[in-house]
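Participant: Use these hints to put chain W onto chain S, whose structure you have.
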Amino acid sequence: MIFPTRHTCLSLLVSVGAVLAQPRENPKLKAINSVGIEVDVRCGIANHVEEFLSMPVTMTVSNTTAESISAVWEVEFLDYANRQLRSVRKEVELPPNMKTSRRTRVYLKRQGNLTVVRLRRNREVLWQRIMRWESISRSAINILTVSPNRERLRFAARNDAAVGNMPGPGEREVRSYAIQSWELPTHSLPLCMFKAVVISKNADLSLSPAQERALTDYLVFGGSIVVPGGKSSVLELLNANLPQAAVDATQKASQMKMPAPTRIGSGMLFFDAKDFFLRTKISMDAATNLAKYLEYEAEPAFPKFMRPSNYVRRGLPVNASKTLSMVGVVFGLYAFLTGPVIWLILRKKGRKALAWYVGVTITIFCLIALFVGPILGLRKGDIQWLSVTELTPNGGYQWAMLSLTSAGGKSHHVELKGERLRSWLLPSTVTNDYRFSRYWWGFRQNLPLKSSMNISMDLVNEDIQKDRHQVQISPWGTRLLLTNSYTSKAGQVDVRISHPNRKTRIVVTNRSKFALTDSRIIVSFWAKNQGQETYVIMNTGQFKPGSRREFGPDIINRQMGNWGVRNMFGFVRYHDWERNGGCTAVQLPRPNLNNTPNAYFIAKIPDSPALRMGQSNFDPNLGTHLVVQRIEPSNILNPQRLMNQKAGVR
Amino acid sequence: MKALARKLEILWDSPNLLKDIGSLLSAWRIGAWFCLINMVLGPLMATMIVMGSIENEEPFVQISQQLGLGQYLAVNLMLGLCGVLTLLIPLRASGLIEGPRWAKYFDQIVLSGISPERYLAGRIASQNIFFVLILLASMPYAVFGLSLGGTKFSYIVGCLFALWVYANLLSVATVAAGAIVHETGAVFLTVTLAGVMFGLGLIPVAVFGLSPTHYIIEPFHQALASAGKLSTGYQFVINYRGATYQLSSLLLFAFNGGLLGLVCFLFCLLGPVNCLVKENSTFGEVVMPGDTKRKRLFRMRFILRRRSEVAFFYENRNPLLKRWEIPLRYLPICAILGTTLLLAFGVAHYYSYELDLEDFSGLNLFLMCAGLVAAAFTFTADRMTETTEMRCGRFTFTKGALDATAFLFFAALVYAIGFWGINMREAFELSEQRSLGQAETAWSWLRSPPDVREVAYVKKVTKLCHFFFLLGLEIYALIRLMGCQFWERSTSVFVMLIFLLALFGVPLGGTLVFFSHRDLRHLAQSVAFISVPSPIPLIVATVDDYVGGEMGRLLDTGWYRVTPVFHSLLVLTLAGWTVFCHRTLKRARSKSAEEKS
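Those protein sequences? They're chains S and W, same order as listed. Those letters in the first sequence? Residues 1 to 650, by the numbering used here. Those letters in the second sequence? Residues 1 to 597, by the numbering used here.
Okay, chain S solo, but in the shape it has when bound:
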């Protein structure tokens, strides 16, 4: 039997996921929408699930009914390894009128894919949600439909290029997942896995406040919601939770004959005169817009933080220089009244009079200063909404999204900067003009900020222990700090560079911790030309997390050969050849601890180097004498042969 790799498991799961997405009709269970029970379920820790860790599922429940409830938490999940649907149960006792929530946590074994979480009392299902984790393909366009009969989008079932602007074979696939309205999650996080939520005209929208909030958050965070045109309960629901500016926009758009897509926060609201579910072709107005938007513009939404505007620090407006001159005059007057006046005019006064004069003068100027600050700090066009959204699966791509809404319709000079801790050199593809360095990313541009804006970035997730992003928005002094820190389960890589020439000062040890998930490791060094030509052999070893023991020969991934010279140099940026001599960078893919041979690199450097570990700055276009290649173990065991081979002697 062939053991399924993670990739096949995922593929399998994607296909199975669509089937599982349909809640199975279990005749023994009766689903009810229980009033008086608030439930919130979250997976993972701060939305990160480490592959090698067990995954926590935190369930919070409160019972505001007058009756005591004894129920069972039931978590069904798909076990990757066994390809079986398994379940975990935990009893919970909810006393009546329980105002504080009770939290329950179950830990699923690794590689579990959560499918259904439910709160069950005997055969009655008090609460149930479909939760997926990693099972939804990011390459596809996922759409969630909310309808009484769990209808899927008809056009999404088709997959041919002839249908409107939808992708053809080989392009992005559209997948539809259907739920009933009561199954909507109470947190926006699960919703953000979908590019759009299509709500049917007939959907029953008697949702709990948390569900309403989740839906609105999803929209503001960058999600797309398709609602029926005209007056509808969906629109009322959304308007109740949106700011007035957005409400005006939605009202205006919904009353149009051909309603236009309306941007709310960083998301998009689509109106459709007809019921979207009935469409077999989407060549018409709103549907086309939706399709275009989903395909080419919409970014996945993923809420992380939403900061209220009072978090934004006050600063000076751009045109504050005129006011500042007034401040200068005030303080000049203060300096005059407390300096020369006391010194020259009041010198014959008694100590008591002097104390009064000094005290009163300082008090008056303190009061003036107290009011000068707020006057300077006031600015029009204050930022009303500010949210930064991001998705950070450990070892993959990262999307960051900034959503701004300005009340005064003022253009803001927007500057985004990011910081990475313990990161390695990897390229990033921020979808705007940006500058990238080891420690920070960002860009700066003037954006007309009439109602809202949306900036998205694809950041390569790096092998980082701690990730911290900061978003800064000008006018200066305005700041939003988004901190996203996490610590992953870390291994350790030990890199040693050594060579046989005893006169050369090397043998460098560098230990770098890295995550044991989809990690990539870049090992780099630079060399100075100081002596004769020599070979530098770089070996990497991996330590077991938490211990100092090496793994022996099972160290480097067998894919090392694939990550050859091309890839090695592909990630190195700048090189000061004259000064530093030569350098190399080796990128190792995710280490695999099983059945992998050792791998070595031999770097031929024209002059004898004094090596120091450092971050590599290297431009392959400048040319180099450095050769890095994989050496077979047979050559390693025969050093003379190796040297002969290098010297061209046969």
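Hints should not be assumed to be uniformly reliable.
As the list claims (entries may be wrong) - With a straight-line cut-off of 30 Å between C-alpha atoms, the simulated DSSO-like cross-links for lysine-lysine are:
#	chain 1	residue 1	chain 2	residue 2
1	W	Lys-293	W	Lys-278
2	W	Lys-2	W	Lys-19
3	W	Lys-104	W	Lys-19
4	W	Lys-322	W	Lys-596
5	W	Lys-19	S	Lys-348
6	W	Lys-460	W	Lys-104
7	S	Lys-352	W	Lys-19
8	W	Lys-19	S	Lys-349
9	W	Lys-104	W	Lys-459
Since the hints were made in silico from the structure, they are not lab data.
Facilitator: Chain W alone, transformed into the frame defined by chain S:
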């Protein structure tokens, strides 16, 4: 408590405090101080606003944007205040001894019997009034910073607390230094040291948390760190059993500053070492044997006279201080010196694995030398104090003997730490190579030569450790010998340096001249032995395998191998000579005491 309260009342009753209050709160002085503060703070704030608002990539702009203008200005304001205090407090704290001496009424102060603590504490206490005055003047600026937003009130309060501790520390340090050295020098010394600490505190390294500026500028560091321009090395973090604790730089400074202030105050109470010997025991008049034949110019000994006057003043101190002088004087010095040494070695070892073996060895040796030299210069005496008797309860020892003991203790400590550091590193390297060798036997052919090289290098450095220890002993013996000859310590140190230069440099230079000059080169082998006193060839030969040029030729002669033996003999000779001089001085002192009695 009552006794303490009574003590504090007496201090508050100091004539200096009453005098200072009267002078500080006069109109023209208040106006002058306010003028000065506004002249410093106003332009500083204006400059900072301009620097922080120019739209470019300057760090000031980035910091101001990240912190908010209020916080940005608050930091600058506090830094400005700190700078003002650094300059003004030592200046204001001076003049306690030199003022009366110049006005020729210091003898009246001494004869009045006023205790030194009461006399000096008044000036220290009056600095608090001056501090409040400065705070009042800067209050509108602080309120402006607060009103702009972004400034935490707790930060302002924390800064004011740090500045208060700093102001008191400066004043007590100046007064203590003024009692020991000339007050001009004391002010210069305090301002220089405080200025250095001010500058070091701005550096984002945790060790410099001993300065108040480190706490004040911490928001800047945080802003730069959050922008990825700075590592988080400015935070003082302790790792204990896997958990990480971050120490507040404010508390760190307050604790250290308070401790240092207490030590300084203790030295205010103790004063300089009693230096009343036969030659200056007529209240300040220093009359040396043979002065009647000297001209007037050569009979004027200002420094010795000042020292004897201050010594008379400190005869009024509490007898208890005299009874326990040895622990009170030596323990704080040993604590400060020891802490500094341990801190320096600790930091070096903490970062040692980021350095390669040679760099680490160099740093270790440098710290060892610095520790030995610092101990040698700290525990030394001159002819006036060499035989001064100090007490510890019922026991009495001479200062010379105590200094020698303290130095030997520190020299042994430094030697042990340095030696241990090198060998620890060697053990680490070997264990690393061994562990790697077990895993990858195929690489042993490649790694063995560096192993040999490293082990050999460590052995060489260990030899240097021994040799530097020997040189430290030699320098100390020389300083002590010179101290027995000269009345002033600075003179003895100066003469010692000249002697060392002559011993180490001149023979070596002469030998190298022979080697470099073509006509003299045939004589060079014969005269190479004169370079034996110089340790330089030995050090060079130990550190580097191959040295070219004249030095290489000199090393080829092999004379440098005798150098350790020569220096060992020199140490023994100097030590014996110093002991002889010490005994002679002691005999003379006891003889004069008998004559007096």
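Participant: Next, verify each hint and record whether it holds.
Facilitator: Checked hints:
1. W:Lys-293 - W:Lys-278: 19 Å, holds
2. W:Lys-2 - W:Lys-19: Holds, at roughly 27 Å.
3. W:Lys-104 - W:Lys-19: Roughly 18 Å separates the two Cα atoms, so the pair holds.
4. W:Lys-322 - W:Lys-596: Cα-Cα ~21 Å, so holds.
5. W:Lys-19 - S:Lys-348: Holds, because 19 Å separates the two Cα atoms, which is no more than 30 Å.
6. W:Lys-460 - W:Lys-104: With a Cα-Cα distance of about 61 Å, the restraint between Lys-460 of chain W and Lys-104 of chain W is violated, given a limit of 30 Å.
7. S:Lys-352 - W:Lys-19: Holds - the C-alpha atoms of Lys-19 of chain W and Lys-352 of chain S are around 18 Å apart, at most 30 Å.
8. W:Lys-19 - S:Lys-349: Distance ~19 Å between Lys-19 of chain W and Lys-349 of chain S Cα, so the pair holds.
9. W:Lys-104 - W:Lys-459: Violated. Lys-104 of chain W to Lys-459 of chain W sits at ~63 Å, over the 30 Å cutoff.
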